[in-house]
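There are 2 protein chains.
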Amino acid sequence: MRNIKVNGDRLWQSLMEMAKIGATEKGGVCRLALTDEDKAARDLYVEWCEAAGCTVRVDEMGNIFARRPGKDDSLPPICTGSHIDSQPTGGKYDGIFGVLAGLEVVRTLNDLNYETNAPIEISAWTNEEGSRFAPAMVGSGVFCGEFSLAEGLAGEDREGNTIGAELKRIGYDGDMKCAPRPLGAFFEAHIEQGPILEAEQKTIGVVQGVQGIRWYEIEVTGMDAHAGTTPMERRKDAMVGVARMVGEAHRIGEAAMPDGRTTIGYMEVSPNSTNVIPGKVFFRADIRHPDAGLLDGMENEYRAACEKIAGDLGLGLEFKRIWYSEPVIFDAACVGAVQDAADALGLANRPITSGAGHDAVYVSRIAPTAMIFIPCADGISHNETEEATPADLAAGCDVLLNAMVARANE
Amino acid sequence: MRNIKVNGDRLWQSLMEMAKIGATEKGGVCRLALTDEDKAARDLYVEWCEAAGCTVRVDEMGNIFARRPGKDDSLPPICTGSHIDSQPTGGKYDGIFGVLAGLEVVRTLNDLNYETNAPIEISAWTNEEGSRFAPAMVGSGVFCGEFSLAEGLAGEDREGNTIGAELKRIGYDGDMKCAPRPLGAFFEAHIEQGPILEAEQKTIGVVQGVQGIRWYEIEVTGMDAHAGTTPMERRKDAMVGVARMVGEAHRIGEAAMPDGRTTIGYMEVSPNSTNVIPGKVFFRADIRHPDAGLLDGMENEYRAACEKIAGDLGLGLEFKRIWYSEPVIFDAACVGAVQDAADALGLANRPITSGAGHDAVYVSRIAPTAMIFIPCADGISHNETEEATPADLAAGCDVLLNAMVARANE
Numbered sequence: 001m002r003n004i005k006v007n008g009d010r011l012w013q014s015l016m017e018m019a020k021i022g023a024t025e026k027g028g029v030c031r032l033a034l035t036d037e038d039k040a041a042r043d044l045y046v047e048w049c050e051a052a053g054c055t056v057r058v059d060e061m062g063n064i065f066a067r068r069p070g071k072d073d074s075l076p077p078i079c080t081g082s083h084i085d086s087q088p089t090g091g092k093y094d095g096i097f098g099v100l101a102g103l104e105v106v107r108t109l110n111d112l113n114y115e116t117n118a119p120i121e122i123s124a125w126t127n128e129e130g131s132r133f134a135p136a137m138v139g140s141g142v143f144c145g146e147f148s149l150a151e152g153l154a155g156e157d158r159e160g161n162t163i164g165a166e167l168k169r170i171g172y173d174g175d176m177k178c179a180p181r182p183l184g185a186f187f188e189a190h191i192e193q194g195p196i197l198e199a200e201q202k203t204i205g206v207v208q209g210v211q212g213i214r215w216y217e218i219e220v221t222g223m224d225a226h227a228g229t230t231p232m233e234r235r236k237d238a239m240v241g242v243a244r245m246v247g248e249a250h251r252i253g254e255a256a257m258p259d260g261r262t263t264i265g266y267m268e269v270s271p272n273s274t275n276v277i278p279g280k281v282f283f284r285a286d287i288r289h290p291d292a293g294l295l296d297g298m299e300n301e302y303r304a305a306c307e308k309i310a311g312d313l314g315l316g317l318e319f320k321r322i323w324y325s326e327p328v329i330f331d332a333a334c335v336g337a338v339q340d341a342a343d344a345l346g347l348a349n350r351p352i353t354s355g356a357g358h359d360a361v362y363v364s365r366i367a368p369t370a371m372i373f374i375p376c377a378d379g380i381s382h383n384e385t386e387e388a389t390p391a392d393l394a395a396g397c398d399v400l401l402n403a404m405v406a407r408a409n410e
Numbered sequence: 001m002r003n004i005k006v007n008g009d010r011l012w013q014s015l016m017e018m019a020k021i022g023a024t025e026k027g028g029v030c031r032l033a034l035t036d037e038d039k040a041a042r043d044l045y046v047e048w049c050e051a052a053g054c055t056v057r058v059d060e061m062g063n064i065f066a067r068r069p070g071k072d073d074s075l076p077p078i079c080t081g082s083h084i085d086s087q088p089t090g091g092k093y094d095g096i097f098g099v100l101a102g103l104e105v106v107r108t109l110n111d112l113n114y115e116t117n118a119p120i121e122i123s124a125w126t127n128e129e130g131s132r133f134a135p136a137m138v139g140s141g142v143f144c145g146e147f148s149l150a151e152g153l154a155g156e157d158r159e160g161n162t163i164g165a166e167l168k169r170i171g172y173d174g175d176m177k178c179a180p181r182p183l184g185a186f187f188e189a190h191i192e193q194g195p196i197l198e199a200e201q202k203t204i205g206v207v208q209g210v211q212g213i214r215w216y217e218i219e220v221t222g223m224d225a226h227a228g229t230t231p232m233e234r235r236k237d238a239m240v241g242v243a244r245m246v247g248e249a250h251r252i253g254e255a256a257m258p259d260g261r262t263t264i265g266y267m268e269v270s271p272n273s274t275n276v277i278p279g280k281v282f283f284r285a286d287i288r289h290p291d292a293g294l295l296d297g298m299e300n301e302y303r304a305a306c307e308k309i310a311g312d313l314g315l316g317l318e319f320k321r322i323w324y325s326e327p328v329i330f331d332a333a334c335v336g337a338v339q340d341a342a343d344a345l346g347l348a349n350r351p352i353t354s355g356a357g358h359d360a361v362y363v364s365r366i367a368p369t370a371m372i373f374i375p376c377a378d379g380i381s382h383n384e385t386e387e388a389t390p391a392d393l394a395a396g397c398d399v400l401l402n403a404m405v406a407r408a409n410e
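So the protein lines, in turn, are chains A and B. For the first sequence, the working numbering puts the final residue at 410, and the numbers step up evenly by one. For the second sequence, the working numbering puts the final residue at 410, and the numbers step up evenly by one.
Source of the hints: derived by calculation from the structure; they are not laboratory data. These numbers were taken from a predicted model, which means no experiment stands behind them. Some clues are possibly wrong.
To be verified - Each computed DSS-like pair below joins lysine-lysine, with the alpha-carbon atoms no more than 27 Å apart: (1) B/Lys26 with A/Lys236; (2) B/Lys320 with B/Lys308; (3) A/Lys39 with A/Lys236; (4) A/Lys280 with B/Lys280; (5) B/Lys20 with B/Lys39; (6) A/Lys177 with A/Lys236; (7) B/Lys280 with A/Lys26; (8) B/Lys71 with B/Lys177; (9) A/Lys26 with B/Lys308; (10) A/Lys280 with B/Lys26; (11) A/Lys320 with A/Lys280; (12) B/Lys39 with B/Lys71; (13) B/Lys236 with B/Lys177; (14) A/Lys26 with A/Lys39; (15) A/Lys320 with A/Lys308.
Unchecked claim - Here chain B is said to cover these stretches of chain A; the calculated rule only asks that three of the stretch's residues, wherever they fall, bring their Cβ under 8 Å from a Cβ of chain B: (16) 140-147; (17) 212-226; (18) 235-241; (19) 257-267; (20) 279-288; (21) 334-344.
Backbone N, C-alpha and C fix where the C-beta goes; we use that ideal spot for every residue, glycine too.
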């Protein structure tokens, strides 16, 4: 069976119904992990899954698995899913689209009375956003062995409530083991959260992988001094050095276009007073590239550039890499299934690399994995104004449906 | 009478005795305006002045005038002075040196039984620092007509206490009118608060004037976006623009060496998150030059540079001048009296421009004025580690004595 299509209206209705839970005045959603809003959304989702004939199980991390049996139910399931939780000022599509797209696949297969060979599973992963509890992607992380169960349950919010206690409170402390098990494949549908598809008028991004991300903490020290009484030639101005370091980061990012990215988003100036030459500036650099070797090269070049600037200006420099998320290259067969489905459906598409982390990053360690992106307005996400069109959402779901069916029947 | 000298030991003892009032653990002074510490210091100073035979009067702003009569007491007095209040973590010399140097001049003239032709006056101006009550230099400002008396008395600290109420509380709400009256001259002795004299091994800075100061508030707007999902070529990164603007400010300051100065000391990055391209950066620029015309040129060049950068990068720019303190050129005859005294005493000296504001700025509007600088260690001031040597303090006081005597006998 090829080029089957989901019911786009039903998908849209489900998204809009779900967006009422935790709805904000500005049209977004605030559904922090394991709050009453998260519970209400989980309850509604479970109700819908059961109404669609799925068997629903919850694991020790509160991850929800809804299963539609296959002809051969002993085969590893073909899976999809994403997350139900949101940022504090989140949108109506980030995460929840990937969950409800899975449900729409099941509903469509039901409409068609179509039985896949392997079973179909939808997973809703706990605390993907990491906004209430750090770290992010902890539900899929424990499932895939990145964190121990104890680590996962111990995560605390600012009031000291743990994930474990909050799962119990909302009734999602399941008894299914949270541990790797054989999955036939995992597909995650998601909004792009970037501007590329919209700008190029592509409906589908065939995600090849996730870029590597490195974070650096950089502290530059000069000497605090009076802006009026200290001549230019006697200054050790940390701000002047950091300004050059921002420029070098940008230059290195531009030299690595189109795939490389460099950003200085966080800065603290000390003492931060109009008439005091800054004696210290602390900033963080975010450097990304899908190729680990090229990322190494960017890091080395940036470190050398910062050292040269500090040396030229007589400034102290502390340059520390504080985080590395390695690049992920998705499974060629799964990526191919997404590509084939998009092509067969006649949808404008392009290969794309995910700039953000997703549950699929962890799942890719234990199962063949791929992702499907659809455009979002102006590339805006993690924002109440996040928007996607019903047509694009339906198209992404169509690709998911056909890729999963193809894989389930292999 | 030429090349007379003060008693440097007595000056040092007085400074050290005074530094006990409000002494901090790190060797500095916390003597905020009109606190109990300021009152205790004022009381001790008044006691010393009266013991030295001066007539002490207090005006409506709490400014204290101590007068030693002249042969012709109808002549306008030859004046000196500075302030008794300090920064919260201030040093032992900023301000109080100029007051106690005046007292040492009187004591030395007493030792010599020397009667000047015109009377001698020492003024201790209220709230020079502006740390407890804004604005700074308010006592001399009201005296010289910059502020009305009502404005001066209305100044509030963070608890809502006014200068007027606090003057009454500590018993320094004098009945002498706070208004301009004829002064024969005004000399203010002060530590440099900068590194030049120490670096060039000069004992005396013959202050030519005070540089003009302009402050700007500059807001650069781009577009907040995800550091991972937004390609370099689709960014509107306010940080990248501001980094270039910092570089241009520095370049313009260096081009205006040795007198020009440019500083970016204050910056706010928004949203200031490691993985968000900054959509807004707000900063303040401080641009100084002793020559008003050249300061105009620096401003015009900087504004044009910021506009070009914003234009090149597609960023929004708001560029506002928020403050201008005009350059002051001190009275040639008074500066000459300082120069002559330093030369005649054989003290290594150089012309210098004050980078900071002082009471002498306001006084220069109503009387012929000059200042005398002495070195301070590493140029550090407004800091508990502020240091000056007994020899330099005595030398500065010697110059003050000889300049005042010369002027008083003209």
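Legend entry - Pair hint B/Lys236 and B/Lys177, alpha-carbon separation not exceeding 27 Å: 58 Å, violated
Legend entry - Restraint status (C-alpha distance of A/Lys26 to A/Lys39 at most 27 Å): Roughly 22 Å between the alpha carbons, so the hint for A/Lys26 and A/Lys39 holds.
Inset, instruction - Quickly compare the C-alpha distance for A/Lys280 and B/Lys26 to 27 Å and report which way the hint goes. - result: OK: A/Lys280 and B/Lys26 at ~22 Å, within 27 Å.
Inset, instruction - Between the segment 235-241 of chain A and chain B, see if three or more residues pass the 8 Å beta-carbon test, and mark the coverage as holds or violated. - result: Result for this restraint: holds, n = 3.
Legend entry - Check of the segment 257-267 of chain A against chain B for coverage (Cβ-Cβ below 8 Å, three residues minimum): Since 10 is at least three, the answer is holds.
Legend entry - 27 Å limit on alpha-carbon distance, applied to hinted pair A/Lys39 and A/Lys236: 55 Å, violated
Legend entry - Annotated coverage of the segment 212-226 of chain A by chain B, confirmed only when three residues or more have a Cβ within 8 Å: holds (count 4)
Inset, instruction - Please work out if A/Lys26 and B/Lys308 have their alpha carbons no farther apart than 27 Å. - result: 36 Å, violated
Inset, instruction - Sort out whether B/Lys280 lies within 27 Å of A/Lys280, counting only the CA atoms. - result: 21 Å, holds
Inset, instruction - Confirm or reject the coverage of the segment 334-344 of chain A by chain B under the rule of 3 or more residues with a beta carbon closer than 8 Å to the chain's beta carbons. - result: This one is violated; 0 residues, fewer than the three required, reach chain B with a Cβ under 8 Å.
Legend entry - 27 Å Cα cutoff - pair A/Lys320, A/Lys308: 16 Å, holds
Inset, instruction - Assess, step by step, whether the Cα of A/Lys177 is no farther than 27 Å from the Cα of A/Lys236, and give holds or violated. - result: 58 Å, violated
Checked against the numbered hints listed earlier, the structure breaks hints 3, 6, 9, 12, 13, 16, 21; every other hint is satisfied.
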